[in-house]
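Colleague: Sequence:
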Amino acid sequence: MPRKDTAVSPQQIQDIQDQVFDLAETLVPQDFYLLDIAFEQESGAWFLRIYVDALKDEMTLDRCADISHLLEPAIDEKIDLLKDRYYNLEVSSPGLFRQLKSQRELTYYKGQLVNIKTAADKTGRLAMLQGVDSDAQNVLLTEASVSGSDITESTPFSLPLTTKDLVITLSPNFYPQSDNTDVSVSLVPDRE
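Okay, so the sequence shown: first residue is 211 according to the working numbering, each after it adds one.
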């Protein structure tokens, strides 16, 4: 059935993301970790992006496609805000340079090297991600440096999650939690 493009309010976008996350969390197989959902518009087209990571093995295009085929009919049936709306469904691994935004992502990547940039520090710095504080107000980090394959940690610090223009991305020196070394983005082709 064709879907019509209509205006979507910021509250509707948040509602779609929340509803899809809740649904996907019940359907994504246990050997995958649901990281984030984004419903966003690019060049006039709407994209529902579902970011997952493999807890075992590696994230592949086939695995992304399998999850997409699992989620698509459930989303179409159960998410009323998406009924009669055209959108492209993409299921992918988060990708190395994707900004870590949610507490869920910051907790999942605890113990990984990250690049930190703020409005005050546009060049950025390397740090070891220690997680989020108990009030979910601050990201906890430790200064880090890399020499070859050696990582040296030094001074702990924290930044409020509300810091202006805070950008946290996985470092190219990223060492995944599992044996997953394929962190490149894999997209499922547009739906018809």
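There's no promise every hint is true.
Said to hold, decoys possible - Heads up, simulated DMTMM-like pairs for lysine to aspartate or glutamate below, C-alpha to C-alpha not over 20 Å straight-line:
1) K320 - D343
2) K374 - D343
3) K293 - E353
4) K311 - E250
5) K320 - D272
6) K293 - E250
7) K293 - D232
8) K320 - E268
Unchecked claim - Distance windows between CB atoms, simulated:
9) K288 - Q221: 30 to 40 Å
10) D360 - E287: 22 to 32 Å
11) Q221 - S312: 28 to 38 Å
12) P366 - D232: 32 to 42 Å
13) A346 - D225: 13 to 23 Å
14) R335 - G358: 31 to 41 Å
Note that these hints are calculated values from the structure, not bench results. Glycine included, C-beta positions come from ideal geometry on N, C-alpha and C.
Colleague: Does each hint hold? Answer for all of them.
Modeller: To see whether the hints hold, each was checked on the structure:
Taking the CA atoms of K320 and D343, the gap is about 12 Å. The hint holds against a cut of 20 Å. Restraint check for K374 and D343: the C-alpha separation of about 18 Å stays at or below 20 Å, so the hint holds. At roughly 47 Å between alpha-carbon atoms, K293 and E353 are farther apart than 20 Å, so this suggested pair is violated. A distance of roughly 15 Å separates the Cα atoms of K311 and E250; the hinted pair therefore holds under the 20 Å criterion.
Simply put, K320 and D272 have alpha-carbon atoms about 27 Å apart, too far for the 20 Å limit, and the pair is violated. For a cut-off of 20 Å, the pair hint linking K293 to E250 stands: about 16 Å separates their Cα positions. Using a Cα cut-off of 20 Å, the hinted pair K293 and D232 holds, with the two alpha carbons roughly 17 Å apart. About 19 Å separates the Cα atoms of K320 and E268, which keeps this hinted pair within 20 Å; it holds.
Take K288 and Q221: their Cβ atoms lie about 19 Å apart, and the range 30 to 40 Å is violated. In this structure the supplied range 22 to 32 Å is violated for D360 paired with E287, their Cβ-Cβ distance being about 51 Å. Between Q221 and S312, the C-beta spacing of about 18 Å breaks the proposed range 28 to 38 Å. With their beta carbons about 34 Å apart, P366 and D232 fall inside the hinted range of 32 to 42 Å.
A beta carbon spacing of about 21 Å between A346 and D225 agrees with the range 13 to 23 Å that was offered as a hint. In this structure the supplied range 31 to 41 Å is violated for R335 paired with G358, their Cβ-Cβ distance being about 19 Å.
Taken one by one, the earlier hints fail for this structure at numbers 3, 5, 9, 10, 11 and 14, listed in ascending order.
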